[in-house]
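There are 2 protein chains.
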Amino acid sequence: MVVIGSGFGGLTATRAMDHDGVSVTLIDRTPHHLFQPLLYQVATGILSEGEITPPTREVLRRQQNARVILGEVTDVDLDARLVTSRSGEQTTVTPWDSLVMAAGSTHSYFGSPQFAEYAPGMKSIDDALAIRGAIYGAFETAELLEDPAERMPWLTFVVVGAGPTGVEMAGQLIELSRRSLHLNFRSFDPASARVVLIEAGPKVLSTFGPTLSRRTLGDLERLGVEVRLNTPVVDVDELGVTVRSATGTERIEARTKVWAAGVRASPLGGLLAEATGTPRNRAGQLDVLADCTLRGHPEVFVIGDMMHLPVPAVAQVAIQSGRFAARQIIAKVEGRPTEPAFRYRDKGNLATISRFRAVASIGPLRLSGTLAWLLWLSVHLLYLVCFKNRLLVLFHWGISFLGRGRQERTAPAATRATTPAQPALLRKAAS
Amino acid sequence: MVVIGSGFGGLTATRAMDHDGVSVTLIDRTPHHLFQPLLYQVATGILSEGEITPPTREVLRRQQNARVILGEVTDVDLDARLVTSRSGEQTTVTPWDSLVMAAGSTHSYFGSPQFAEYAPGMKSIDDALAIRGAIYGAFETAELLEDPAERMPWLTFVVVGAGPTGVEMAGQLIELSRRSLHLNFRSFDPASARVVLIEAGPKVLSTFGPTLSRRTLGDLERLGVEVRLNTPVVDVDELGVTVRSATGTERIEARTKVWAAGVRASPLGGLLAEATGTPRNRAGQLDVLADCTLRGHPEVFVIGDMMHLPVPAVAQVAIQSGRFAARQIIAKVEGRPTEPAFRYRDKGNLATISRFRAVASIGPLRLSGTLAWLLWLSVHLLYLVCFKNRLLVLFHWGISFLGRGRQERTAPAATRATTPAQPALLRKAAS
Chain F
1 MVVIGSGFGG LTATRAMDHD GVSVTLIDRT PHHLFQPLLY QVATGILSEG EITPPTREVL
61 RRQQNARVIL GEVTDVDLDA RLVTSRSGEQ TTVTPWDSLV MAAGSTHSYF GSPQFAEYAP
121 GMKSIDDALA IRGAIYGAFE TAELLEDPAE RMPWLTFVVV GAGPTGVEMA GQLIELSRRS
181 LHLNFRSFDP ASARVVLIEA GPKVLSTFGP TLSRRTLGDL ERLGVEVRLN TPVVDVDELG
241 VTVRSATGTE RIEARTKVWA AGVRASPLGG LLAEATGTPR NRAGQLDVLA DCTLRGHPEV
301 FVIGDMMHLP VPAVAQVAIQ SGRFAARQII AKVEGRPTEP AFRYRDKGNL ATISRFRAVA
361 SIGPLRLSGT LAWLLWLSVH LLYLVCFKNR LLVLFHWGIS FLGRGRQERT APAATRATTP
421 AQPALLRKAA S
Chain E
1 MVVIGSGFGG LTATRAMDHD GVSVTLIDRT PHHLFQPLLY QVATGILSEG EITPPTREVL
61 RRQQNARVIL GEVTDVDLDA RLVTSRSGEQ TTVTPWDSLV MAAGSTHSYF GSPQFAEYAP
121 GMKSIDDALA IRGAIYGAFE TAELLEDPAE RMPWLTFVVV GAGPTGVEMA GQLIELSRRS
181 LHLNFRSFDP ASARVVLIEA GPKVLSTFGP TLSRRTLGDL ERLGVEVRLN TPVVDVDELG
241 VTVRSATGTE RIEARTKVWA AGVRASPLGG LLAEATGTPR NRAGQLDVLA DCTLRGHPEV
301 FVIGDMMHLP VPAVAQVAIQ SGRFAARQII AKVEGRPTEP AFRYRDKGNL ATISRFRAVA
361 SIGPLRLSGT LAWLLWLSVH LLYLVCFKNR LLVLFHWGIS FLGRGRQERT APAATRATTP
421 AQPALLRKAA S
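These protein sequence lines are chains F and E, in that order.
Counting from 1, position 118 in the first sequence corresponds to residue 118 in UniProt numbering; the numbering is continuous, with no gaps.
Counting from 1, position 71 in the second sequence corresponds to residue 71 in UniProt numbering; the numbering is continuous, with no gaps.
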């Protein structure tokens, strides 16, 4: 059996296949699992990348029937039952009898891919580090400028999309500017930074219901976030964004933009769609049967963000569908009957707004404030894959939430906006 | 007053200038201080980059007379007393009355700069992350290869130079392969990896004296490091290194090479040498007077790795000369007499070999084993700039030394040797 993707779905499926009768190969283009819900904390300097990226082979080291292959999948052959993957100069071909497609999703710019250059999304650890570099680099640049009018676009942070990721990002940016960077600068007050949260729809956290949505909006505005509802983005460039508002188009000058608006299933879905003629929805998700398999291919499961079923694109769906797929494959191996349909058990939604404030929607229950925050904290710690990371994260949270520190501000040079392109004089001096 | 460089020398000088009568501007091309002695631990996955790179402006936030400017220094005008620095598109010109040059050093390839591409040195946080990517990427690639003969060059790690950095790096690579990666791979045993430490001279840790040098050699060999003394490197390419040995030239096939052999003072020394006609030694260090000033320029201090005085290029020299320079500048401001000469107080040398084993040379004292290791641990914790980082580092050390974990294996994509250059098929599928 082959699993493509080491995210919540793929890793759960692999671990659930810990069974004598089968062997599993997990293929992913990164060597690590990624705890996506905390990417925004890596981007804003609270956590290190290692804390949310446990190495996949370390997680699976005691599962002797599991093998991990690093590689970007370049082809899936449904007839010959082969997956081709590539890593550096190495091409690897892996045969399978069952396949679990769990390659997740990337961000969607709704037909305007050119926005990506100026408003990066947050789906990989590299995305988070690039955004970290952009945020801290913007404050560094602001310190160099003498004219407040020139400085303001560097101190304006636009977050597009007011789902959980956008809300959490906006909340963290406010905390960063109002608390964490206190006394760090001499030519301006970091608390003067603007954080603008732009949402095309009429609500923040629309999936959390009207009560929590309203409370979240109130909380964000009290913290200082400028929330712009019913405001679609029409253009993004290096210097800012253009939005459509009630009164026409409006321009917001902002050097740093973060895209948290849309998701699109992995391009690998396109390979399967082409090969089988399976339709995809607008988000690129593949139509699957009720048991998550591809029509005509009962041996191919498509799970998590890649499948089109009436369930949301959240971590819990990936985890539960991963476990479901593994259960069916083992049932077949053991000659037991399989379940006719995947059933998603909604465990609720959680989002933090700032330290000590979160919202939680669990069945009929609606929580907000400190209680919801403690719940958020416990659940996230619980789902972190590795025990040591739980301790490290808890420790970093103590520093950031009880104190005001951000211990992880360093971003790779390649992502620093402030890196000079041509230190030519220095090269001369070196000779 | 302007300080160039936020390393041990520059940051110490800046902090020692916390005095009403002066204002200090610290200029550096990175926004952080760097605790260089632990770079090898970032490279081998024990520590996160944030733990050894406290943001300079965070360290100095309560020192109201200090200002931090991010920028690569492109010119120093000794007549007009101006420093020009550049960050992104911003050029900043900063006037000074006293100047402290503390730009440190970079690695030296002894006239063969083309080695740099294949054998990166370890002087910046980006270097360490690139080496991290290369090391873990090599193990990942080895897992993909079926032919043991093809695999071995990926499992061979060459460290050039057996000073403290080289010894520590070799020791960590052995720990990594023998303990940390245990059970992580299916097609080979990571303990079969070779670690080759190559030294042109006759001794490891030559500055520690014959007793400790001999003990270190014995320890390294017992751990499994192949130590090659009296073996100069004559060529480095993508696939390995060529060395000159007693019997002629010899080839070592190794995909991963780390350069820990030589240092060369910052190219900024060249700017000053050109402007003043001051001679530099072979390591690029500037001739200075006994009080660390440039001849004819009593207002310009050159400290740490950049100055040519009969002292070693170590952190303690940078720290002490930084403090000395600050003291002289304050004395002048207050109209008190200055000291005629910088005096280095040797506090001793420390190097770790593996967990629980280190060597220490302090005055007439020679320590090795666990006692030296505990000393190493205490001193390094003590010198870490920020208290929170001390706690984090201690915690990571617990994980790595008491356990076997390496929590920080993730490297930016740009540094991963395993990233495919052209995932062309995927782009097609995305359309």
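Take the hints with a grain of salt, since some may be wrong.
Any copy will do: because identical chains look the same in the list, a pair fits if it lies in one copy or spans two.
To be verified - Straight line, CA to CA, 20 Å or less: simulated SDA-like cross-link-like pairs of lysine to any residue: (1) LYS388 - SER180; (2) LYS203 - THR94; (3) LYS332 - THR278; (4) LYS388 - ARG355; (5) LYS388 - ARG404; (6) LYS388 - LEU183; (7) LYS123 - VAL234; (8) LYS123 - ARG295; (9) LYS388 - ARG179; (10) LYS347 - GLU150; (11) LYS388 - HIS182; (12) LYS203 - GLY270; (13) LYS332 - ASN65; (14) LYS332 - LEU78; (15) LYS123 - GLY270; (16) LYS347 - ASN65; (17) LYS203 - ALA16.
By construction, these hints were calculated from the structure, which means they are not laboratory data.
How the hints compare with the structure:
Within a single copy, LYS388 and SER180 get their C-alpha atoms only as close as 26 Å, which misses the 20 Å cut-off; across copies the closest is 14 Å, which meets it. Taking CA atoms no more than 20 Å apart as the test, LYS203 paired with THR94 passes in neither setting, with 46 Å inside one copy and 48 Å between copies. Taking CA atoms no more than 20 Å apart as the test, LYS332 paired with THR278 passes in neither setting, with 24 Å inside one copy and 81 Å between copies. Taking the shortest alpha-carbon separations for LYS388 and ARG355, only the inter-copy value of 19 Å comes in at or below 20 Å, while the best intra-copy value is 23 Å.
With identical chains, the CA atoms of LYS388 and ARG404 are at most 20 Å apart between copies only, with a shortest distance of 11 Å across copies and 23 Å within one. Taking the shortest alpha-carbon separations for LYS388 and LEU183, only the inter-copy value of 18 Å comes in at or below 20 Å, while the best intra-copy value is 33 Å. Taking CA atoms no more than 20 Å apart as the test, LYS123 paired with VAL234 passes in neither setting, with 22 Å inside one copy and 44 Å between copies. Neither within a single protomer nor between protomers do LYS123 and ARG295 lie at most 20 Å apart by alpha-carbon distance, with minima of 29 Å and 56 Å respectively.
Taking the closest pair of Cα atoms, LYS388 and ARG179 come within 20 Å of each other only across two copies (17 Å); inside a single copy the shortest separation is 28 Å, beyond that limit. Taking the closest pair of Cα atoms, LYS347 and GLU150 never come within 20 Å of each other, the shortest separation being 47 Å inside a single copy and 49 Å across copies. Proximity of LYS388 and HIS182 under a CA criterion of 20 Å is satisfied inter-copy only: 17 Å between copies versus 31 Å inside one chain copy. For a Cα distance limit of 20 Å, the shortest separation of LYS203 from GLY270 qualifies neither inside one copy, at 32 Å, nor across copies, at 60 Å.
In this assembly of identical chains, the alpha carbons of LYS332 and ASN65 lie at most 20 Å apart only when taken from the same copy (17 Å versus 73 Å across copies). Taking the shortest Cα distances, LYS332 and LEU78 sit within 20 Å of each other inside one copy (19 Å), while across copies they are farther apart (80 Å). In this homomeric assembly, LYS123 and GLY270 come within 20 Å of each other (Cα to Cα) only inside a single copy, at 19 Å, whereas the closest approach across copies is 44 Å. Proximity of LYS347 and ASN65 under a CA criterion of 20 Å is satisfied in neither setting, with 31 Å inside one chain copy and 53 Å between copies.
Taking the closest pair of Cα atoms, LYS203 and ALA16 never come within 20 Å of each other, the shortest separation being 38 Å inside a single copy and 53 Å across copies.
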